[in-house]
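Just so you know, full-length UniProt numbering puts 287 at position 287 of the sequence shown, and the rest follows in order with no gaps.
If you are wondering where the hints come from, they were derived from the structure by calculation, not from laboratory data. Incorrect hints may appear among the rest.
To be verified - Pairs of lysine-lysine, DSBU-like flavour, derived with a Cα cap of 35 Å:
hint : residue 1 : residue 2
1    : Lys2      : Lys43
2    : Lys68     : Lys43
3    : Lys68     : Lys17
4    : Lys119    : Lys76
5    : Lys119    : Lys2
6    : Lys158    : Lys203
7    : Lys149    : Lys187
8    : Lys84     : Lys213
9    : Lys2      : Lys17
10   : Lys68     : Lys84
11   : Lys43     : Lys9
12   : Lys203    : Lys68
13   : Lys213    : Lys187
14   : Lys149    : Lys68
15   : Lys119    : Lys9
16   : Lys213    : Lys149
17   : Lys76     : Lys51
18   : Lys192    : Lys158
Claimed, not checked - Label pairs and their computed distance ranges (CB to CB):
hint : residue 1 : residue 2 : range
19   : Asp184    : Glu40     : 24 to 32 Å
20   : Lys17     : Glu143    : 14 to 22 Å
21   : Tyr225    : Asn106    : 16 to 24 Å
Note that the Cβ used here is the ideal one computed from N, Cα and C, for glycine as well.
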Amino acid sequence: MKQIIESIKYYNGTFPKDQLQQIIERKDEAIPFLIEIVEEVVKHPDEYEEKRIDLIYALYLLSQFRVKELFPLLVKILHLPDDKLDLILGDVLTEGTSRMLASVYNGDIQMLQQLIENKELDEFARGQGLSALVILALNGQIERERIVKYLESLLTEKLSDEHYYFNAHIINCCTDLYPQETYDSIKRVYAKGSVDTMVIGLKDVERVLQSTKEETLNQSRNNPYFQFIEDSIAEMEWWACFDKNGEKEQLLWEKELAKSTYHLESSHQPVKVDKIGRNDPCPCGSGLKYKKCCGK
């Protein structure tokens with residue numbers, strides 16, 4: 001097993017499907033090695049090499065295996081400075097981390113809340129804690145009402161007026177769980193000008209309210225971004241960074257289109273998909289910046 005783990009340590013442009021399948025088939029034997037990879041990064045983040053990719057494999061696999069020991073380790077990683085997060089997780093930070101947290105949740109909601117409320121941390125990292133709570137609520141692990149009440153507290157007594165993007169993320173989470181109970185608080189935050197309206201506007205919130213609660217919750221439950229990690233190979237094998245022939249370029253743009261239309265109401269109006277910047281997260285979900293992946 002140690003040799004298999006060593007063979008997937010560095011990114012070489014090829015997806016190690018056979019090795020990952022062997023790890024899955026021998027998961028009980030593999031779990032200690034995978035945990036060791038994560039623990040080493042937590043202890044020595046400054047020693048992490050840019051070409052390494054074994055941490056990403058370990059995070060997905062341990063999430064699939066529902067290894068709760070990963071939960072506090074992943075939260076510790078999310079407490080790292082943003083430059084370290086960029087090196088260690090890349091864009092997997094926003095593409096998969098919330099789902100990993102939810103998949104290995106150990107019942108310690110305070111650990112997630114401390115991550116969410118720590119204003120010294122990277123806003124994207126804090127947002128993964130928020131999204132994890134939404135996933136847990138949608139999947140019945142935590143009562144929806146409890147999470148809705150907590151989200152409202154973040155928009156009222158715990159609100160940080162200057163954190164416009166993070167406040168928008170909170171409101172997005174409210175809409176994912178249906179914003180009926182939080183609507184008045186949401187309106188007050190918009191009235192104060194404390195929201196990045198490029199992320200979500202008040203009209204977007206009101207549009208969700210035109211649907212029923214059950215319709216909205218069903219839509220959220222069916223959103224792949226709110227699913228537990230079930231199949232690591234299926235999650236990663238289609239990433240464009242592993243596609244030397246460029247055959248998956250169309251899938252990349254189709255995925256970006258699907259993401260852009262998630263909160264739009266049905267209409268005959270054309271959907272505008274913004275051009276991806278070189279430093280933006282690659283929509284293929286590879287965990288790399290676009291310039292280092294499909295934008296080469």
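Hints and how they fare:
{"no.": "1", "hint": "Lys2 with Lys43", "in the structure": "holds (20 Å)"}
{"no.": "2", "hint": "Lys68 with Lys43", "in the structure": "holds (19 Å)"}
{"no.": "3", "hint": "Lys68 with Lys17", "in the structure": "holds (24 Å)"}
{"no.": "4", "hint": "Lys119 with Lys76", "in the structure": "holds (15 Å)"}
{"no.": "5", "hint": "Lys119 with Lys2", "in the structure": "violated (39 Å)"}
{"no.": "6", "hint": "Lys158 with Lys203", "in the structure": "holds (24 Å)"}
{"no.": "7", "hint": "Lys149 with Lys187", "in the structure": "holds (16 Å)"}
{"no.": "8", "hint": "Lys84 with Lys213", "in the structure": "violated (39 Å)"}
{"no.": "9", "hint": "Lys2 with Lys17", "in the structure": "holds (17 Å)"}
{"no.": "10", "hint": "Lys68 with Lys84", "in the structure": "holds (24 Å)"}
{"no.": "11", "hint": "Lys43 with Lys9", "in the structure": "holds (18 Å)"}
{"no.": "12", "hint": "Lys203 with Lys68", "in the structure": "violated (39 Å)"}
{"no.": "13", "hint": "Lys213 with Lys187", "in the structure": "holds (19 Å)"}
{"no.": "14", "hint": "Lys149 with Lys68", "in the structure": "holds (26 Å)"}
{"no.": "15", "hint": "Lys119 with Lys9", "in the structure": "holds (33 Å)"}
{"no.": "16", "hint": "Lys213 with Lys149", "in the structure": "holds (16 Å)"}
{"no.": "17", "hint": "Lys76 with Lys51", "in the structure": "holds (22 Å)"}
{"no.": "18", "hint": "Lys192 with Lys158", "in the structure": "holds (15 Å)"}
{"no.": "19", "hint": "Asp184 with Glu40: 24 to 32 Å", "in the structure": "violated (48 Å)"}
{"no.": "20", "hint": "Lys17 with Glu143: 14 to 22 Å", "in the structure": "violated (39 Å)"}
{"no.": "21", "hint": "Tyr225 with Asn106: 16 to 24 Å", "in the structure": "holds (22 Å)"}
Checked against the numbered hints above, the structure violates hints 5, 8, 12, 19, 20; every other hint is satisfied.
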